[in-house]
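Hints are included, so try docking the two chains, each in its own frame, into the full complex.
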Amino acid sequence: MIPLSWYLYLSAMLFAIGLYGVLARKNAIAILLGVELMLNAVNINLVAFWRYGDLAQMAGQVFAIIVFAVAASEVAVGLSLVISVYRRRNTVVANELDLMKW
Amino acid sequence: MSLNFLAILPEILILIVAILILILDPFWKDESRRTNLGWLTAGGLAAALILSLLIGRPSDPTFAWGGMVRFDWLAFAFKMAFLFASAITALFFMDAERLGNRAEAYLLLLAATIGMNLMAAASDLVMLYLAIETTSIPMYVLAGFMLDDNKSTEAGFKYMLFGAATSAIFLYGLSLVYGFSGTTHLETMRSYFTTLNPISVGVLFLLIVGLGFKVSLVPFHFWAPDTYEGAPTSVAGLLSTASKAAGMAVLIRLFITAFPQVHGNWQLILAILAALSMTLGNLVALTQKNLKRLLAYSSIAHAGYALVGVVAANQLGLEGIVYYLIAYILTNLAAFGVIAAFGRVTGTDEIRAFDGMSRRAPSLALVMLVAFLSLAGMPPFGGFIAKVLVFAAAIQAGWIWLVVVGVINSVVGVYYYLTVMKYVYLYRLEGENEEALPIPVTRPQLIALVVLTVGIVLAGTVFGPWFSLSTKAALSLFF
Numbered sequence: 001m002i003p004l005s006w007y008l009y010l011s012a013m014l015f016a017i018g019l020y021g022v023l024a025r026k027n028a029i030a031i032l033l034g035v036e037l038m039l040n041a042v043n044i045n046l047v048a049f050w051r052y053g054d055l056a057q058m059a060g061q062v063f064a065i066i067v068f069a070v071a072a073s074e075v076a077v078g079l080s081l082v083i084s085v086y087r088r089r090n091t092v093v094a095n096e097l098d099l100m101k102w
Numbered sequence: 001m002s003l004n005f006l007a008i009l010p011e012i013l014i015l016i017v018a019i020l021i022l023i024l025d026p027f028w029k030d031e032s033r034r035t036n037l038g039w040l041t042a043g044g045l046a047a048a049l050i051l052s053l054l055i056g057r058p059s060d061p062t063f064a065w066g067g068m069v070r071f072d073w074l075a076f077a078f079k080m081a082f083l084f085a086s087a088i089t090a091l092f093f094m095d096a097e098r099l100g101n102r103a104e105a106y107l108l109l110l111a112a113t114i115g116m117n118l119m120a121a122a123s124d125l126v127m128l129y130l131a132i133e134t135t136s137i138p139m140y141v142l143a144g145f146m147l148d149d150n151k152s153t154e155a156g157f158k159y160m161l162f163g164a165a166t167s168a169i170f171l172y173g174l175s176l177v178y179g180f181s182g183t184t185h186l187e188t189m190r191s192y193f194t195t196l197n198p199i200s201v202g203v204l205f206l207l208i209v210g211l212g213f214k215v216s217l218v219p220f221h222f223w224a225p226d227t228y229e230g231a232p233t234s235v236a237g238l239l240s241t242a243s244k245a246a247g248m249a250v251l252i253r254l255f256i257t258a259f260p261q262v263h264g265n266w267q268l269i270l271a272i273l274a275a276l277s278m279t280l281g282n283l284v285a286l287t288q289k290n291l292k293r294l295l296a297y298s299s300i301a302h303a304g305y306a307l308v309g310v311v312a313a314n315q316l317g318l319e320g321i322v323y324y325l326i327a328y329i330l331t332n333l334a335a336f337g338v339i340a341a342f343g344r345v346t347g348t349d350e351i352r353a354f355d356g357m358s359r360r361a362p363s364l365a366l367v368m369l370v371a372f373l374s375l376a377g378m379p380p381f382g383g384f385i386a387k388v389l390v391f392a393a394a395i396q397a398g399w400i401w402l403v404v405v406g407v408i409n410s411v412v413g414v415y416y417y418l419t420v421m422k423y424v425y426l427y428r429l430e431g432e433n434e435e436a437l438p439i440p441v442t443r444p445q446l447i448a449l450v451v452l453t454v455g456i457v458l459a460g461t462v463f464g465p466w467f468s469l470s471t472k473a474a475l476s477l478f479f
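Going down the list, the protein sequences come from chains A and B. According to my numbering, the first sequence is numbered sequentially starting from 1. According to my numbering, the second sequence is numbered sequentially starting from 1.
It is possible that some hints are incorrect.
Here are the simulated lysine-lysine pairs, PhoX-like style, with alpha carbons at most 25 Å apart [claimed, not checked]:
id, chain 1, residue 1, chain 2, residue 2
1, B, Lys151, A, Lys26
2, B, Lys29, B, Lys151
3, A, Lys101, A, Lys26
4, B, Lys289, A, Lys101
5, B, Lys422, B, Lys289
6, A, Lys101, B, Lys151
To be clear, the hints were calculated from the coordinates, so they are not data collected in a lab. The structure displayed is predicted, hence computed values, not measured ones.
In isolation and in its complexed conformation, chain B is listed as follows (with noise of 0.2 Å):
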C-alpha cells in the first residue's frame, strides 16, 4: 500500500498525451495541420505501451494507492491491450468524416482508455465504480458525437439511457457488499461471503445486471445492436472490444477475487447467460442485413463464448479468457476497420452493398477474409485456439452441456460469416465494371489494419508468447 507510481505508469502516459493534445489543439487549426492530432494520439499510444511494456511490467502482485489498485498481470496484460486497441482506433478515427478532425474526439478516447486500465486494475469497490463511469461517460459522448446525424445522436440516446439505468443497478449491488461485508476492499471481502444465502444470490443479481450490460450478454444486450449500427465505425469498433474486454475484466476479479466460496451460485447464473448469449446472438445474428448490425450480434455471441472461460473459473479458464480477449480485441477491430474503409467510400454499410468488393479492394477483401475466418473460429487465425482454450477449459470443470451449446453455435457462426465473404468474392456488382469503382486506402487505415492483420495470423501461429502472457495473468488472481 503506497505511492507506487510504476502501477498507473501507463494511465499517467495517456493523462499526458491528453494534455499535450490539448495544448496543441489551438496550434494545429490549419486543414493540413489537424491530421497531426491523430498521428499525435497514436504515437503517443503506441509510445506509451512500448514505454509499459519496457520499465513498467509487474513482478509479484501488490496493492498500490491504498489498496485501490492491483499491480498485477492480469491488470497489466488488459492495460497493454486497451493501449493498443485505442491506438489502432485513433488511426481510424483520422479518416472519419468530421470526427478525425476534432480534437475533442481524441480526448474522449483517451479518457476512456484510462477509465478501461483501471476497471482492469481496480481492487476497490470505490475505484471500481469510478473506473466503469470514467470508461462509460466518453463513450456514451463519442457515440452520439455526429450531432447532425439522426442515427449517431439516437445511438448515443439509447446507449446513454441503458448504460445510466444499468450503472445504477449495478451501484445498488455495490452498497449492499459494502453493507454485508463492510469493507470495500475486494480482497478481505471474500472472507464474508462464505455462504449461500438469498441476499447473496440477489446481489449477485444486480451486479451482473450492470457488468452484463458492459460485455452485451442477452439479457441486457438490448442497446449493443443500434449504438453499433449508429455510432461512427470506429468508435463502434472500440465499443465491441476494449470495452467489452474491460467489462470481462471486471467480471474476472470481481468473482474471482471476491466471491470465491459461493462460485457454485454464480457458476450457473453465468452459464446459463453465456449459452443464451451464443444462441441468441447467433441466430439473430443470421437475419441481419447491415454489416454493423451483424457484427454486433456475433459480438454479443463473443461474449458469451468469452464467459464461458469465466463460467469454468479455473487456471485454464483464465488464460483462455485473456487470450480469448486478446485474440478477439485485433479480429474484430481489423473487422470494423475494413468497414470504416469502405463505408467512407461508399457511404453504406448494407451486407449488399459489398457486392464485388473483391474486384473493387483486393487488399481489403483479404483482410476482410482474415478477420471474419477468425471469428468464425478457423486455424490458423487467433480465433481457433482461443475459443478451443475456452471450451477445453469448460470440459476441464465439467461443464459438458455449455461446451455443446458453445459448438453448435460456432458452426452456426461460421455460417453467416462466409455468407457475408460469398458477397465479397463471389458476387459481381450488376452491370458496372468494378475495376473503374476502386475503393483506396489511406494511410494510417493501412497501418492499422496491417498491424492488425498480422497480429491475427501471429497470435493463432506463434502461440508461445500470448500464452505466458495468459498463464501469467491467470496466475497471479490465485496468489
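Isolated chain A, as found in the complex (with noise of 0.2 Å):
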C-alpha cells in the first residue's frame, strides 16, 4: 500500500500551487481557481487521514462532502459577484478595481 506520506506530500504541493496562484494571479477568475486547488488538496487531505486512520469514524468522509458542497456554493456567490463587478466596471482584474485605497 501507498504510504500515507505520499499523499500528504500531494496535497501539500497543489495547496502550495493554490496558494501561489492565489497570490500571484491578478484575473478574479484565476484566483477563484487557485483558491479551487486549496480546497481540492484539503479533500485529499481529509480522504487520505480517514482511509488511514480508523475507517469505522466516519468523519473525514463527512467533512469530505460537506467541503465539496460549500465550495460550490462560495463559488457560486464568488462568480456572482465577480459579474456584478465586470457589468459595472468591465474588468475582472484585481488591481483595476482601486477605487477605495488607503
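Quick look at the structure:
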C-alpha cells in the first residue's frame, strides 16, 4: 500500500500551487481557480487521513463531502459577485479595482 | 449527545422568522407595506431573544446533536449578543435605500445570524467550518448588495476574494488537525496536542490566518477598510461587530478547548498579532478622511484590544473579552447607525461633511459623542470597563509589555475619536444656516439608537448583570 505521507506531499504541493495562484494572479477568475485547488488539497488530506485512520469513524468522509458542497456554493456566490463587478467596471482584474485605497 | 432542541432554540426561532419573510414577501408588494419586512425581522429577532432568555438558558455544559454543538453559557451569551445586533441591524436596514425594501436583504441577514450563532456554539470541526461559511457567504452578498453602485460591488468582490482564500487556508489547517488527532471533536482533540513540534506550530499559523481574517487582525486586515467603506453602512456595522465577535468566539473556543497544553505557543503568536493590530490600526486611523474607513481601522485596533483577553487565557481574561465584545457591539452599532442616519440625508461620509452636525441634529450628535467616548474608553461608558478588564487580566497573566502597548494605543485612539467630535461640535458649516438644514431621524433609527445609547451607558454603570453573564460564560469553558 502507498504510504500516507505520499498523499500528504501531494496535497501540500497542490495547496502550495493554489496559494501561489491566489497570491500571484491578478485576474479574479484565476484567483478563484487557485482557491479551488487549495480546497481540493484539503479534500485529499481529509480522505487520506480517513482511509489510513479508523475506518469506522466517518468524520473524514463527511467532512470532505461538506467541503465539496460549501465550495460549490462559495464559488457560485463568488462568480456572481465577479459578474456584478464586470457589469459596472468592465474588468475582473483585481488591480484595476482601486476605487478605494488607504 | 442527544436531540436537545433547547440547545439550538435561537437558531430554530430565526429560521421561523426567515420562513415567514419568504412567505409574506409576495403579499406585501405595494410600497406602503414594504416596511413591514423590516419590522417583522427586527420584531421576530427581539422575540427570539426574549424567548431564549426565558426558556432557553443552559445549565451545566452539555453536548448536543451528536457533539456538534456545545450548550453552555459562552455560546448562549454570544448568541444573545448576535440576536440583539441583528435586530438592531434590521432596524437600520429599513432606511437604507434600495436595501430596506428587499426581502432578500433580511433573509441574508437572518442566514448570517444563524451562522454566527452556530459559530459560537460549534464544538466539532465540521460544524465549525459549516458555521463559518454560513456566516461568510451571506455577508459577501450583503456587502456587494448595491448592484448599481461601484463602491459596493467592489467591496463585495474584495471581501469575497479575501474570504475565499483565507477560509481555504483555515480549512487546510483543520484537515491537518483532524489528521493528527484522528478526531473532529474539539474536546477529545486536546489530548493529542500535548507537545510542541514544528507541525503543530504550522497548523496554528494556518488556523490563525483564517480566524485573523474574520476578526480583521493585522496582517489579515486589508479587506476591512475597503469593505466597510463600500458596503452599505448598516451592513458595515454588522460586519464590524457581530461578525467579528463570532470570529472571536471561535478563536476562544478553539484555542482554549483544543490546544490548552501548547498555549505558550499560540499565546506568543497572538500577543504579537494583538500588538501589531492595535498599533497599526490606531496609527493609520489618524490619517483617514472618511469616517467609515476611520471606524474600520479603529475596529482593527479594537480586535487587538479584545485579543489581549485571549492572550491572557485566564478566567478574568475570558470574562473581559465577553464583556468587551458586548460593549463593543453596542458602541460600534451606535456609531455606524449615526453615520447611516447622517449619510442618508447628506449622501456622504467624509469627516469634513460632519462640520456643524451638532447644530443640524443635536440628538444624533449626542449619540455619536456617547459612542465615540465609549470607543475611546472613557468612563462612565461600556468601553471603559471592558478595557480595564482585559488589561487587568493581561497583567494578572504577566503580559506587562502587551498592556503597555495597549494603554499607549488607547491614548492615540482618544486623539482621533475626539478629532471627529471636534468637527461635529466646534466647527460650523461655512456660510450656511445650520438650523435650516436639519437631519431627520426616522422611527426605526430612533428606536435603535435609543436602545443602543441606553445599552452603552448601562454597560458602563450597572456593572453587575453584564459581569455575571461574562463570568458564567468564562467558567463554562473551564469546567
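Indices of hints not satisfied (ascending) | 2
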